[in-house]
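If you're matching them up, the sequences are chains C and E in order.
Quick note on numbering: the first sequence equals residues 991 to 1229 in my numbering.
Quick note on numbering: the second sequence equals residues 471 to 1134 in my numbering.
Heads up, some of the hints might be wrong.
Unchecked claim - Derived, one-sided and incomplete: chain C residues facing chain E with beta-carbon distance under 10 Å: (1) Asp998; (2) Thr1003; (3) Leu1004; (4) Ala1005; (5) Phe1007; (6) Leu1009; (7) Ala1013; (8) Lys1044; (9) Met1045; (10) Asp1049; (11) Gly1071; (12) Lys1092; (13) Ile1094; (14) Arg1096; (15) Leu1099; (16) Glu1100.
Claimed, not checked - Restricting the straight-line Cα-Cα distance to at most 30 Å, the calculated cross-link-like pairs of lysine-lysine (BS3-like) are: (17) E:Lys1115 - E:Lys995; (18) C:Lys1001 - E:Lys1041; (19) E:Lys1090 - E:Lys995; (20) E:Lys1090 - E:Lys892; (21) E:Lys987 - E:Lys972; (22) E:Lys942 - C:Lys1001; (23) E:Lys984 - C:Lys1001; (24) E:Lys984 - E:Lys1122; (25) C:Lys1058 - C:Lys1035; (26) E:Lys987 - C:Lys1001; (27) E:Lys584 - E:Lys615; (28) E:Lys536 - E:Lys584; (29) E:Lys995 - C:Lys1203; (30) E:Lys1081 - E:Lys1115; (31) E:Lys972 - E:Lys857; (32) E:Lys1041 - C:Lys1058; (33) E:Lys977 - E:Lys987; (34) E:Lys851 - E:Lys1081; (35) E:Lys995 - C:Lys1058; (36) C:Lys1035 - C:Lys1001; (37) E:Lys995 - C:Lys1001; (38) E:Lys1041 - E:Lys1081; (39) C:Lys1203 - C:Lys1107; (40) E:Lys860 - E:Lys972.
Simulated from the structure, these hints should not be mistaken for laboratory data.
Remember, predicted model here, so these are calculated numbers, not experimental data.
Beta carbons: idealized from backbone N, C-alpha and C, even for Gly.
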Amino acid sequence: MDTILVIDDEKPTLAMFRLLLSANGYNVITAENGRDGLAVFERQKPPLVVTDIKMPEMDGIEVLRRIKQLDANTEVVVITGHGDMELAIQALNLDATDFINKPIQRLALEQALRRAKERIDLRRSKEDQVSVAVGEDASVIRFRGSLTSSSEPQLLDGFREAFALNQEKIVLHFDGNASVNGAGISILTQLLLDAGKRGNRVVIAGLPEHFKKVFRIVGITNLVDIEEAERNPWGEEAR
Amino acid sequence: MKPLGSISLKNKFFYSILAVLLIISLAIAFLARWILVSSLISELELRGSAIARTIAERGSGFMLDKNYTQLLALIFEEQQLKESKHLIAYIFVLDQDNEVISHTFTHRFPLELKLANPVPPEQTRSVQLLTVADLAAYDIAIPVKEGLYRIGTVHVGLNKDHIDQLVAALRTTFLGFLSLVIVIFFIMSHMLAKYITKPISRLTKISDELSRGNFDIKLDLGSIMERLDPFDCPAYANTDLSCPHFDGFATSRTSQESLPINSKSCRHCILYRKQTGDEVVQLADSFHNMVWSIKLYRRRLHESEEKYRTLFDNGPDPIFVVDSSDLHVIDANPRVIELYGYERDELVGTSFLELEPEHAGKSTATFAGSPNVNGCASFQKVLHQKKGGKPFFVNLHAGHITYKGRPAIIIAATDMTEMMEKDAQLIQASKMKSLGEMSAGIAHEINQPLSAIKMGSDYLAMMVERDWDIPKDQLHEVVSEISTQVDRAAEIIDTLRAFGRKADLVKEKLDINKPVKGVHSIVRKQFELDDISIELNLTPGLSPILAHDNRLQQVFFNVMSNARDSINEKKDRAPARERGLIAIRSFEANRRVVVEVEDNGMGIPEAIRDKIFEPFFSTKETGQDMGLGLAISYGIAKDYAGDIKVQSREGKGTTFILSFPAAA
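Based on the provided sequences and hints, a complete structural model is requested.
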């Protein structure tokens, strides 16, 4: 059973978290503020942390920073106010793996947690994040897990391989569990710019909805098209 | 006295002089007559006596010799001597035996004469008025003596008719003279009376005309007949000038522009007269000057009245004149009628208090009762009613005056409706700005319960979808939590709605803790996120104050926001030294309800402490803040007769002290 640490200054929210996550099979530990949360984290080292950002005394950003210092591999999902993308991006730059909006949708929460779990599993199995295949009219780069600075060499190789296939259209397909952090965004931006110079048309597919929003804000959508999930070449559920 | 009083002065003079004259004349006449007649008679008697003595001396010898012939000759001689013959009626001589020895009667001697006037032995003379046989005469008897012996008596009779004729002539002459004197005096007194009374009756006529208001009457008093144009007088033409002749003692005009007395036109005033002459002339001059003085002052008064009437009637503000004792309206200018909608007749006589429904005219009544008659008072934003009961706000300025001899109050009312609406708009605008500032925090605040609700309901949905059993205690936990959180969200929305609502006209009785708590509930969480905690120390059961809940919320919001900004600014300069703290206390002291808001922020530098309540004063960067928050807060507090004071120590923090009078 996976252990998950939830930090939120709202007791009612914490109570609901506990019910919902327990029902989903998680071992839930809670903390009412950032300081307590950190203390619990140091003691129990849970692989997964969900933290609210807006909290008195020590806010979620600070908690995220400290947790990443303690253990960079911890998956930290931050909870932001609805539509507060600035904070979300700030959190992503600090290597938060994912963010969810308040009020928390069950599906969004479940997806975020599932993706985080998959990423953890991926990391444990040491599987390749990137694989390249030839589709009907395009070369396809498939990406799984977190797009961070550590995934840069793999992604570079993947793009080189795709370029070698000599097809004009390149589809960059994110698996359902994919996540992008700040460093990942800058790597991706650079690669997409290179592809643009080479005359390739890059289409991004399979990206979770909230990451589409982030890509829109940071300007990646100006460089590429983002395909709707249904049109992904594998035909599988893109979540 | 009455009938005497109605007699004209002229006749009084005339008749009284005449009466005195007559009395004096009569007295003189009687006195003179008595003196003259008696002296004439005694003189004639003396003459008779002298004749008798002459006869006695010259005839004594004849008597001794008994030469009666000679004696007779003698007495006839004496009787016929000169004018004596008219005077002397008879002479006769008696011997010592009282026998007639000689007499001048041409007829028989009347014997009764012989002893009618005897001379007593020790006397030298005896005079007696006798009437003997148609003859009235003064008989003068003188004894004839030879040595010590009496040898006879001489009797001389003085003719009474002759004497009476003399007296009558004398009387006629005297009375004639006296009558002449009376006539002369009569004419003189008549003329004198006329001289004195004619100018007086002329003055009377002029006075009558003046009192009827006819000041254009010709003043033909005295010798000079003038036709002067009053506008030749500079002081008459321009009432602001003072006249050196007529204003000699009127000190009240000294402050006015004064015309120098040696100016060419005034050295010899054409209107002011001082002629040499008797009292009548002086009286006429004095009267003339008085009339001019009255004319001058009437004109000044008229102009002054007109001036002030114009000010009253055409003044831009509505003005009431109200009786001090019962506060009834005595007068009101046309602006009052315009503003209040009442006719003037409806207003005059009704109580001023009826216009002031809310406080029942307490302010005005208090002022009317104040002993300081020179004082002036202002009442801000008093609620008044127009005709028909429509309420509106006025500022009242009241002062004590004397109106038509009665103590009164003059009240100027300024319509504040537009100003108040602007105020309200400004306050509303500032409130909307505050709401805008709050919106992020409020969104967060509402998101919290929504989040919990969402998760709770999602949990239920998930369990149902998966067809899992929900443990009863968990089900209860979820639904009760959802209910609680819905209440919480509703409360936030209520507070927000109350805050955004426009205030009513009428103030409410309010526990000051209520707006404090309201604002606290909105900002608490937000402030906590800024790492600022709010410490509430509110005394329950404070006296209510008269105010508006949501306007006070705005005040407290402004003050707390400033406290937060100050703490945050301090934190930015020297990060995280101490936790931000805002301490709010409420208490009551000296019939005032006080709320203190203390922070441990930056503090306010001494130099700008006086300016913080000024509008458009801001320490924040241009564009970030209009600098209206505290100015508006101060204005709101003042509206409720409250006050905001500030104590601050730079670098240590600031305390805002808000105090309001407890409602009675």
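To see whether the hints hold, each was checked on the structure:
{"no.": "1", "hint": "Asp998", "in the structure": "holds, 9 Å"}
{"no.": "2", "hint": "Thr1003", "in the structure": "holds, 5 Å"}
{"no.": "3", "hint": "Leu1004", "in the structure": "holds, 9 Å"}
{"no.": "4", "hint": "Ala1005", "in the structure": "holds, 6 Å"}
{"no.": "5", "hint": "Phe1007", "in the structure": "holds, 7 Å"}
{"no.": "6", "hint": "Leu1009", "in the structure": "holds, 5 Å"}
{"no.": "7", "hint": "Ala1013", "in the structure": "holds, 6 Å"}
{"no.": "8", "hint": "Lys1044", "in the structure": "holds, 5 Å"}
{"no.": "9", "hint": "Met1045", "in the structure": "holds, 7 Å"}
{"no.": "10", "hint": "Asp1049", "in the structure": "holds, 7 Å"}
{"no.": "11", "hint": "Gly1071", "in the structure": "holds, 6 Å"}
{"no.": "12", "hint": "Lys1092", "in the structure": "holds, 5 Å"}
{"no.": "13", "hint": "Ile1094", "in the structure": "holds, 6 Å"}
{"no.": "14", "hint": "Arg1096", "in the structure": "holds, 4 Å"}
{"no.": "15", "hint": "Leu1099", "in the structure": "holds, 8 Å"}
{"no.": "16", "hint": "Glu1100", "in the structure": "holds, 9 Å"}
{"no.": "17", "hint": "E:Lys1115 - E:Lys995", "in the structure": "holds, 27 Å"}
{"no.": "18", "hint": "C:Lys1001 - E:Lys1041", "in the structure": "holds, 28 Å"}
{"no.": "19", "hint": "E:Lys1090 - E:Lys995", "in the structure": "holds, 24 Å"}
{"no.": "20", "hint": "E:Lys1090 - E:Lys892", "in the structure": "holds, 25 Å"}
{"no.": "21", "hint": "E:Lys987 - E:Lys972", "in the structure": "holds, 19 Å"}
{"no.": "22", "hint": "E:Lys942 - C:Lys1001", "in the structure": "holds, 20 Å"}
{"no.": "23", "hint": "E:Lys984 - C:Lys1001", "in the structure": "holds, 26 Å"}
{"no.": "24", "hint": "E:Lys984 - E:Lys1122", "in the structure": "holds, 29 Å"}
{"no.": "25", "hint": "C:Lys1058 - C:Lys1035", "in the structure": "holds, 12 Å"}
{"no.": "26", "hint": "E:Lys987 - C:Lys1001", "in the structure": "holds, 22 Å"}
{"no.": "27", "hint": "E:Lys584 - E:Lys615", "in the structure": "holds, 18 Å"}
{"no.": "28", "hint": "E:Lys536 - E:Lys584", "in the structure": "holds, 19 Å"}
{"no.": "29", "hint": "E:Lys995 - C:Lys1203", "in the structure": "holds, 28 Å"}
{"no.": "30", "hint": "E:Lys1081 - E:Lys1115", "in the structure": "holds, 12 Å"}
{"no.": "31", "hint": "E:Lys972 - E:Lys857", "in the structure": "holds, 26 Å"}
{"no.": "32", "hint": "E:Lys1041 - C:Lys1058", "in the structure": "holds, 26 Å"}
{"no.": "33", "hint": "E:Lys977 - E:Lys987", "in the structure": "holds, 19 Å"}
{"no.": "34", "hint": "E:Lys851 - E:Lys1081", "in the structure": "holds, 25 Å"}
{"no.": "35", "hint": "E:Lys995 - C:Lys1058", "in the structure": "holds, 27 Å"}
{"no.": "36", "hint": "C:Lys1035 - C:Lys1001", "in the structure": "holds, 22 Å"}
{"no.": "37", "hint": "E:Lys995 - C:Lys1001", "in the structure": "holds, 14 Å"}
{"no.": "38", "hint": "E:Lys1041 - E:Lys1081", "in the structure": "holds, 24 Å"}
{"no.": "39", "hint": "C:Lys1203 - C:Lys1107", "in the structure": "holds, 22 Å"}
{"no.": "40", "hint": "E:Lys860 - E:Lys972", "in the structure": "holds, 19 Å"}
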